[in-house]
Amino acid sequence: MAQSIVKVIVDAPLRGQLDYKNVPELGLRVGERCIVPLGRRNVIGIVAGFSDSSEWPVNKLRKVAGRPDEIAPLSENWMRLTAFAARYYLSRHGMVAVPALPKFFRRIPGPNYANSLSKLRDRKFKSNDAPEDIPLLNKEQEAIVDDFSQSKGFSPALLFGVTGSGKTEVYLRLIENTFKADPKAQILLMVPEINLTPQLVSRIGNRFKDRVVATWNSSMAEGQKASSWLACHEERASILVGTRLSVFASLPNLKLIIVDEEHDASYKSHEGVRYNARDLALKRAQIEGIPVLLGSATPSLESYRNALEGRFRLYKMKKRAVESAELPRITLIDTSLDRPQNGICSETAEKITDTLEKGRQSIVFLNRRGFAPVVECKSCGWHSTCPHCSAYAVFHKTTGRLTCHYCGWSMKLPTSCPKCGSYELQPVGRGTQRAEEELEVKWPEAKIMRLDQDSARRRGSASRMLEAVHSGEVDILIGTQIVAKGHDFKKVSLVVVLNTDPQLLSFDYRARERLFSVLMQVAGRAGRSGEQGEVLIQTKYPKDSLFRYLKDNDFEGFAQEELKARKTASMTPYSAQALMISEGKDIREVLDFLSQVKKIGLSVQTGSVRFYDPVPQTVQKVMDIERAQLLIEADNKMELQRFLAVFTSEIENRQFKNVWHIDVDPLSF
1 MAQSIVKVIV DAPLRGQLDY KNVPELGLRV GERCIVPLGR RNVIGIVAGF
51 SDSSEWPVNK LRKVAGRPDE IAPLSENWMR LTAFAARYYL SRHGMVAVPA
101 LPKFFRRIPG PNYANSLSKL RDRKFKSNDA PEDIPLLNKE QEAIVDDFSQ
151 SKGFSPALLF GVTGSGKTEV YLRLIENTFK ADPKAQILLM VPEINLTPQL
201 VSRIGNRFKD RVVATWNSSM AEGQKASSWL ACHEERASIL VGTRLSVFAS
251 LPNLKLIIVD EEHDASYKSH EGVRYNARDL ALKRAQIEGI PVLLGSATPS
301 LESYRNALEG RFRLYKMKKR AVESAELPRI TLIDTSLDRP QNGICSETAE
351 KITDTLEKGR QSIVFLNRRG FAPVVECKSC GWHSTCPHCS AYAVFHKTTG
401 RLTCHYCGWS MKLPTSCPKC GSYELQPVGR GTQRAEEELE VKWPEAKIMR
451 LDQDSARRRG SASRMLEAVH SGEVDILIGT QIVAKGHDFK KVSLVVVLNT
501 DPQLLSFDYR ARERLFSVLM QVAGRAGRSG EQGEVLIQTK YPKDSLFRYL
551 KDNDFEGFAQ EELKARKTAS MTPYSAQALM ISEGKDIREV LDFLSQVKKI
601 GLSVQTGSVR FYDPVPQTVQ KVMDIERAQL LIEADNKMEL QRFLAVFTSE
651 IENRQFKNVW HIDVDPLSF
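Counted the way full-length UniProt numbering counts, the sequence shown spans residues 1 to 669.
Since the hints were made in silico from the structure, they are not lab data.
Idealized CB from N, CA, C, for every residue including glycine.
One or more hints might be untrue.
[Claimed, not checked] Label-pair ranges, simulated between beta-carbon atoms:
{"id": "1", "residue 1": "His470", "residue 2": "Arg121", "range": "52 to 58 Å"}
{"id": "2", "residue 1": "Asn59", "residue 2": "Val604", "range": "34 to 40 Å"}
{"id": "3", "residue 1": "Asp69", "residue 2": "Lys139", "range": "50 to 56 Å"}
{"id": "4", "residue 1": "Gly49", "residue 2": "Val615", "range": "41 to 47 Å"}
{"id": "5", "residue 1": "Lys152", "residue 2": "Glu467", "range": "40 to 46 Å"}
{"id": "6", "residue 1": "Asn112", "residue 2": "Glu25", "range": "23 to 29 Å"}
{"id": "7", "residue 1": "Lys119", "residue 2": "Ser463", "range": "21 to 27 Å"}
{"id": "8", "residue 1": "Pro414", "residue 2": "Lys358", "range": "42 to 48 Å"}
{"id": "9", "residue 1": "Val615", "residue 2": "Lys358", "range": "48 to 54 Å"}
{"id": "10", "residue 1": "Ala645", "residue 2": "Ser266", "range": "24 to 30 Å"}
Hey, can you work out the whole structure from these sequences and the hints?
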């Protein structure tokens with residue numbers, strides 16, 4: 001006999017599950033989407049359970065309004081994953097589970113719903129008939145594939161392989177072996193960068209021509225997302241290649257998870273539920289009882305420590321896959337001795353010219369978009385600041401406008417100083433647009449292309465630009481981090497890094513780790529086809545130990561030095577952190593609220609939990625909203641989680657009107 005009460009989760013900041021009267025004729029099951037009344041409207045919810053009783057009078061309960069379709073329920077393991085994510089990241093189950101579905105499956109069905117659903121099912125995924133040369137594995141690759149393929153149950157491993165060592169080929173062989181063991185298996189391959197997806201999907205499609213390969217990332221149209229999700233949910237798709245949100249994809253027969261570039265900060269969400277997809281991939285593998293492989297040329301210190309201490313198996317690939325391909329030679333150019341002219345040192349200019357004459361390609365890496373980070377008045381010292389944020393408005397010469405990269409505010413560049421009326425306005429500093437212009441002046445015959453967030457704004461434009469690089473239509477590629485991530489540029493022999501010094505001097509204790517990682521990644525774009533590449537790094541601090549490890553291609557030496565410093569200072573991964581952030585119109589009120597909250601925390605403080613004083617955030621004001629933060633630490637995650645559960649409950653019970661949220665395991669401050 002059907003139980004009388006249905007427990008439903010919805011996308012709303014409500015504690016616990018909502019109780020509704022069951023309608024037995026609907027035949028609802030746990031994990032199934034349903035339509036329920038919430039306030040004055042109907043919404044999509046997910047059935048979390050059933051009961052014969054409710055804490056509310058049964059005659060006051062409203063009925064389930066219906067079911068949107070006959071799609072099979074979400075699996076028990078999927079429900080467990082989303083419930084864990086809600087607990088760990090201090091959210092509500094419904095606020096994790098429901099937004100994890102494509103928008104199409106979150107909407108109340110309209111009159112054309114059945115027809116639209118049929119079209120989603122009929123969508124054809126790209127097939128690839130291009131021939132592929134399957135490379136022979138070297139001894140390192142072969143040993144890793146053989147060993148990992150013996151994995152049984154939950155088995156986390158870290159694949160640390162230098163750039164160009166053939167990690168992707170290892171992934172493909174592991175996928176192949178998974179299908180041999182279970183022809184109906186599904187595999188999740190996560191990537192941090194949308195622009196890596198087309199090249200990778202094409203390669204996977206070539207290898208597994210009889211399999212449906214689906215993709216899922218934020219740049220896809222809503223219909224494409226819904227079609228990919230449904231193909232995975234109904235087990236028509238065997239492989240899903242996706243970015244951060246794909247960790248929540250419905251894959252009922254999931255047998256293997258691979259997280260490529262596991263160190264990448266893009267796996268961390270900074271809006272809504274602030275989850276880390278890499279960490280949730282590990283949790284999902286544990287729930288499913290399957291192996292999971294994290295891959296990187298520069299593993300995160302958290303993962304590297306887990307491997308050193310035996311919690312992950314550690315695989316190493318120290319040679320490039322192409323036998324004749326040496327790791328690039330790294331040269332440091334001291335900018336205090338060889339002063340840059342228009343951003344380029346004389347030695348750098350000579351190397352670029354030499355590369356052009358050889359018919360090879362160069363990458364110029366500058367991790368700052370726009371023309372100049374600020375415009376200054378030489379007469380009175382006025383700077384182009386955003387009126388709504390505590391940040392400079394960046395000059396974009398292509399549009400002739402000053403633009404805030406935080407709130408999007410924009411205005412036409414004034415012809416005279418808004419403060420004193422002087423015409424002596426000058427751009428200060430250098431972004432990719434300015435560097436592009438200077439390169440075009442110095443090498444007018446070269447084909448120069450800029451790849452950054454601005455030039456790649458239109459859907460598909462980044463893929464087209466990358467294809468132009470692959471096909472040899474570009475001589476010099478200037479760009480931000482987009483150019484550093486995982487691209488296999490066969491004709492690039494020179495990489496130039498223009499400005500790394502700000503990160504060397506950053507107050508953020510993770511800055512050195514990020515800098516080493518991005519430099520190693522961008523350096524890895526050079527010399528991948530056999531010829532040894534060269535990397536030139538312009539810096540005022542060539543004697544910094546970071547560069548010594550970089551020149552020696554010694555990630556492990558760098559990581560051990562950083563871990564030692566972190567351990568001495570009790571910083572992650574030797575502690576657990578949570579960042580409470582509050583916002584308001586008046587910074588004094590925001591700081592006062594956080595001071596009150598700190599007192600509450602101290603009153604329920606346990607074990608090693610400790611508080612720092614509330615402080616304004618680095619960028620204090622965004623969109624006219626003042627922001628401040630309170631850092632909370634403990635010796636380990638379990639202790640911090642226990643405390644946060646009590647702490648947040650105490651704050652919610654006091655019903656403060658202040659806006660606040662907590663970022664668990666923050667990556668930036």
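These are the hints, each one checked on the structure:
1. Range check, His470 to Arg121: Cβ separation about 34 Å, and the 52 to 58 Å hint is violated.
2. Here the CB-CB span from Asn59 to Val604 is close to 39 Å, well matched to the stated 34 to 40 Å.
3. Between Asp69 and Lys139 the C-beta distance comes to about 52 Å, which sits within the given range of 50 to 56 Å.
4. Under the hint 41 to 47 Å, the C-beta atoms of Gly49 and Val615, about 43 Å apart, fit the expected range.
5. Hint check: Lys152 to Glu467, Cβ distance near 41 Å, so the stated range 40 to 46 Å holds.
6. Our hint of 23 to 29 Å for Asn112 and Glu25 holds, since their Cβ atoms are close to 25 Å apart.
7. Checked against the given bound of 21 to 27 Å, the beta carbons of Lys119 and Ser463, roughly 25 Å apart, stay inside it.
8. One distance hint, 42 to 48 Å for the beta-carbon pair Pro414 and Lys358, holds here, with the actual separation near 45 Å.
9. Our hint of 48 to 54 Å for Val615 and Lys358 holds, since their Cβ atoms are close to 52 Å apart.
10. At roughly 28 Å, the beta carbons of Ala645 and Ser266 sit within the given window of 24 to 30 Å.
Going through the hint list in order, the structure does not satisfy hint 1, though it satisfies all others.
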